[in-house]
Amino acid sequence: GENVGLHLPTLSVQEGDNSIINCAYSNSASDYFIWYKQESGKGPQFIIDIRSNMDKRQGQRVTVLLNKTVKHLSLQIAATQPGDSAVYFCAEGFTGGFKTIFGAGTRLFVKA
Amino acid sequence: DAGVIQSPRHEVTEMGQEVTLRCKPISGHDYLFWYRQTMMRGLELLIYFNNNVPIDDSGMPEDRFSAKMPNASFSTLKIQPSEPRDSAVYFCASSLKGGNTEAFFGQGTRLTVV
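Chains A and B supply the protein sequences, listed in that same order.
Every number in the working numbering is 155 more than the matching position in the first sequence, counting from 1.
Every number in the working numbering is 1 more than the matching position in the second sequence, counting from 1.
To be clear, the hints were calculated from the coordinates, so they are not data collected in a lab.
In silico SDA-like pairs for lysine to any residue, Cα to Cα no more than 20 Å straight-line:
1) B:98 to A:184
2) A:197 to B:4
3) B:98 to A:202
4) A:197 to B:43
5) B:98 to A:200
6) B:69 to A:253
7) A:197 to B:8
8) B:79 to B:45
9) B:98 to A:207
10) A:211 to A:183
11) A:197 to B:41
12) A:197 to B:89
13) B:98 to A:253
14) A:197 to B:45
15) A:223 to A:210
16) A:197 to B:42
17) A:197 to B:25
18) A:211 to A:201
Here the structure is a predicted model, which means the values were calculated and not measured.
Turn these sequences into a full structure, and let the hints guide you.
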């Protein structure tokens, strides 16, 4: 069949607005979640993480929310800047496990 | 620490040739991961090591792919013979404790097989 590329979900926001990127994770046993940011030509870079004993964690301009009931994770970026334009990946892992599983990613465009 | 170091940054090779990608993890990290990223499949985990021992190579696409970690500071991913469909960006990452700690990624090697 014809090959098609991965169509990443895309979020376009105005500079200065808040961004919310969502992610559904797959494994009920996962107890550790990470958000990574990947800029063009670079490897994924850690932004923030959260463990399953928490619902919310805040960093500098970023907040991660975890809803274990519906296996949903979100990343909120406050006052989005052009430098935030990138692909954002959520990843899940679990205590005692060896690896993290990456989601497909969401592309964030920030309009000046 | 300089972070995870990969070489080369770019590699262009002809179909059928052997390709070797190299990685130096962060000192003290017990886990090393090799990923492949393409537009078609996103970020795929190929293989990972714990204390230099391969733990899970189920992501390695074919026998043409092999990986080694002869010591704690060096790993290689080899493709022999290479094919055009192997063209991708290959990332190496290391982490302190595996699945419940963050992974640190290198800059990647962009491989083009013509």
